[in-house]
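Listed below are the residues making up each chain.
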Amino acid sequence: MNLLNPPVVPPKTYFWVWFALLLLLLLNWGLAQFNLGPFNLVATLAIPFVQMLLMLLYLMHVRYNAPLTRVFVAAGFIWLAIMADLTLSDYLTRGSVPGTLRKSWEHGAWPPTTTQAPARANS
Amino acid sequence: MTFPILPEQASDIAEQTDNLYWGLLCLSAAVCLVVFIPMIYFLIKYRDGKPADRTPRHLPEYKIEITWTVIPMLIFMCFYEWGARHYFIIERPPPDAMEIDVVGKQWMWKIQHPEGNREINELHVPVGRMVKLNMTSQDVIHSFYLPEFRIKQDVVPGRYTTEWFEARRPSSYHLFCSEFCGTSHSHMIGRVIVMTPTDYENWLTKGQPGSTLVQSGERLFRELGCSGCHMGNSVVRAPPLEGVFGKPVPLNDREVVAADEGYIRDSILFPGKQIVAGYTNDMPSFSGKVSEEELLQLIAYIKNLGSQSPPEKP
Amino acid sequence: MNATLPQTITPEIPRPPQRLLTYLEEGGHTLGSWLLTTDHKRIGVLYLYSILFFFTIAAIAAAMMRMELITPPGDMVTSETYNKLFTIHGTTMVWFFLIPSIPSVLGNFVVPLMIGARDLAFPRLNLLSWYLFNLGGLLAVYSIAVGGVDTGWTFYEPYSSAFSNTHVVTMVAGVFVAGFSSILTGLNFIVSIHKLRAPGMTWFKLPLFLWSTYATSVILVMATPVLAMTLVLVAAERIWGVGIFDPKLGGDPVLFQHLFWFYSHPAVYIMILPGMGVVSELITCFSRKPIFGYHFVAFSSVAIALIGFFVWGHHMFVSSQSVYAGLVFSILSYLVAVPSAIKVFNWTLTLYRGRIHLDTPMLYALGFIGLFTIGGLTGLFLAALGFDVHVTDTYFVVAHFHYIMVGGMVTGFLGGLHYWWPKITGRLYPENLGRLAALIIFIGFNVTFFPQYVVGYLGMPRRYHAYAPEFQVYNVMSSAGASVLGVGYVLPLIYLIWSLKHGKKAPANPWKATGLEWQTPSPPPKHNFAQTPIVTQPPYQYSPEIEEELVHG
Amino acid sequence: MANPSVAVAEQFDDMPQQLEASTLGMWTFLATEILFFGALFLSYIIYRHTYVHAFAEAARHTKILHGSINTGLLMTSSLTMSLAIHAAQKGRQRPLLGFLLLTIFLGCCFLGVKGLEYKSDIDDHLVPGQHFTRNIPVQGQLFWYLYWMMTGVHSLHLAVGIGVLAFIAWRAGRQKYSAYYHNPVLISGLYWHFVDVIWVWLYSLFYLVNRY
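Protein chains in written order, with the working numbering: chain H, 323 to 445; chain Y, -9 to 304; chain Z, 7 to 559; chain B, 327 to 538.
Worth double-checking, as some hints may not be accurate.
To be verified - Cut-off 25 Å, straight-line C-alpha distance, at most; resulting in silico cross-link-like pairs (SDA-like, lysine to any residue):
1) Z:Lys532 <-> B:Asp339
2) Z:Lys518 <-> Y:Phe32
3) Z:Lys507 <-> Z:Leu37
4) Y:Lys35 <-> Z:Lys518
5) Z:Lys211 <-> B:Pro342
6) Z:Lys254 <-> H:Leu414
7) B:Lys416 <-> H:Pro333
8) Y:Lys40 <-> Z:Leu442
9) B:Lys502 <-> B:Gly417
10) Y:Lys100 <-> Y:Thr173
These aren't lab readings, by the way, just hints derived from the structure by calculation.
Chain H with its partners taken away, still in its complex shape (with noise of 0.2 Å):
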């Protein structure tokens, strides 16, 4: 098998992914549970990107194929940037331009701080 097949993985290091996935989970939700401020957000994001990397890595060895193959699996969350950072080009400075009336169906200043919690509805 040349280095363009993926060499037979041992077992361990699927068991081992399977585990840190499990607790990143366990984790994700444990810390959802408190009111952490912005730190919440950036856990909610961190975590699951991180098990992405993981899976995409290991499980579907990323890690051991060609360059090329790499190339193909990046292509798609490149293009994903690029549609989303252009799109929020437009979202996030919409009348932030001096003089062009506020659209209306968004609110207030950036960053949006984050909102405090108001009375807990039933969870």
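Got chain H sorted already, so can you dock chains Y, Z and B onto it with the hints?
Coordinates of chains Y, Z and B only, in the frame set by chain H:
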């Protein structure tokens, strides 16, 4: 048989757009010359069967390629800047412009003057005055297009968009809807009639306006029961509206919002969306009960309240 | 079924040349052999039949629209019918003719030949792509037959979801399925160009048609899924009455425009890039000279594909998009024009010191350069923010994109079709008739679409079936030009079909071209090459000094 | 053992080339899937930024228990899928079939739990439309619309994945795969892991953001 090339230049913006048009035409003519003259010359000179010196000549490939990459890019940047500067003028209505409300509805334009005059598919404006249009749509996306003024702005449901112009000469101009909006999209047209200031005043008074926008807004404010809560001496705690328009409003979730037309419109239709700091969300929603014109009248009334000083906190 | 082919390429002792059966004979003559073929050449021909069918539908709709627009008041058809006509014309042309034509017809046929492969990477997926394309087309034709759609090919919210009571869901389903066909074709090309190149064929030995087909496939694969999801959202909003673009829920109709144009602007590059690839091949072959600046032309295709994804906002300058975003999209739109300019300059300089044969494909290539330059320049007009405010959604835009799509893409397709006709059918088309048709098309096209620039600047909005009287003189000129253009397009149909029976037999390389596809007999055998060719030189090794006689029909 | 050269398709020269071609093909398809879901993720980001308050209110009604169980189930199914790939690479037929069936079983459990969750959501009137609950602001319907659309499309993809795995398991049962030729197992593995990656993001975005 007339062959018009340019529509009439009804405003300064129109003149600047035409200058930009001639500039871009010169750019195109230049590029066409640079491409078509050599091409025709080569086609004639090196046609099969014609004797010509065809020994391959080594041209400095990289130098040539770099020049015709960098030069077009620089020229394009100049035109970008010219277009962008012009766009800034078009997109930013001057603060002291005369405000007229426009509501786009499937296949007609309903226009309301501050003095209360209402008209369909007709817009009477005085010459030489800056006119700012506050536009919204009741159903689909339309687009308020004045070709002689070279301006266009989509009219989107759910928000206010603005457009402004200043007519130079009294005359009658086209008004088109230029965003496809259904069956009679091509019949959703009208006239912009620019009049001398005196004619405009006579037209205003003659147009038996009944009540001005602010008066009909006040009438609605009472009929719909807004005054019940929002007037100072009410038992229900509701934010006072005097002197609110245009000022920053602190919200429940510690954000600050400028109270513009859009904010007031949303507070009427979706009260729970942006609750003023220190108040609870018990205002009923009026969406479906208030039409777009009535909304504009209420906003005109609240704007009018804006000029008085707010009473001290109860 | 798969006879074991020689693994290593060893020069065999030359056997007596036993006549190889061509792909038309070897696969079998029955309908079943054609409908179940996985041979990329047959699938290319099948696609040719499909897009011909859809082109006729869209052309009829265009003819009726031009007749309607002769008189200012809308008196030939009612406004509902006119709205359905321009939707039929737009939707069918974009998704069922322009996007598939060069990649699926010429690309399917020629790409494996050019890279020296026996077939594409996934032949079965290729056939599935054709069936999905036809299923999508039938869904679209069904929705036209039972009542048509009147939203325009752009399906703008909230009209398409809440206010139009026509068969939007069926048409959207048709386009959704046809989108999958594009994805599969793009995927096939990308993997084939990466993995199935003949030994010795490095990336810089690839002909330029393959560079532009590769760039097109990247766009096909990366842009189409966003369209698929956007159309699913529109269909869902029509079916359940609730959607994320609905202003009543606080949704934003402009978000639909963002998602739609994120696909639709790269889609116009899907349409033009293959045309550029064909023109690069034609200019080099018919001026008998290697292309000037091969690397720059190749990388400009890739640059157009990449920057093409950054510029969609120039469709929305007046749609209450923020002023800042307008600035960003305007500057990026100017940047995407630079690679196109590089290509045009390189083609022009390729003619220098060449031996130019003005055959039909060359006429189409020169027509492409002329019309695409005008179309591209007016693109610069539209990218200027202040100017676009006046002319967006008017006939200026209609003229701009017709110059690019009809003047560029269709001319490039016809040029490529004539260029590879001997290879596809083994017959030569009548040369003089070909040149006549090219001339008629060029004249008819300009008379049709140049007046639309002028009437556009005068302010005539798009999609109007009744217009102000002062626009009439230009519309009459445009309709007159349209009839000449119609005649121009019927001519190739006639003499190409005629040439199937009575055209002269084509030799393996009638144009003395240097591509790998010309080193196999025409029409080529089922497995393309007796043994896989080895590539040693870069492409386009022509020498203009030597007199060469091209074979004509 | 199956004859190695029989498995090589005619347009490929040898097995590694065929395998990498199918891997590239699958990754290209997964790139289209990323963008297919990407349009929805983008809409979510935009509306979440615009209606921070309404979305936080609406997100509080999601069933976090069901979501967490499902995430655990799907991660375990990823493990069994990887072990199936390992078995295929080693050419062991029985473990390959076993792990494939286990993955299918875990996938069906996910769909089952998802079905229960959907049922309870319907009972709580969380389906956007006329009879949407009153105690969520009207913009909350956008959150719930995205919830139904994204988890629905994801469940659809999962069902397709289960179908593909069933087909692969049926062919594995008939000893079609060997240590030399097992591309379909690798490719379906890629697809399965991808579906799991999408769910990891969905779980975090819908159930946990600003949950406190």
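Exercise. Would you list, in rising numerical order, the hints stated earlier that this structure does not obey?
Key: none
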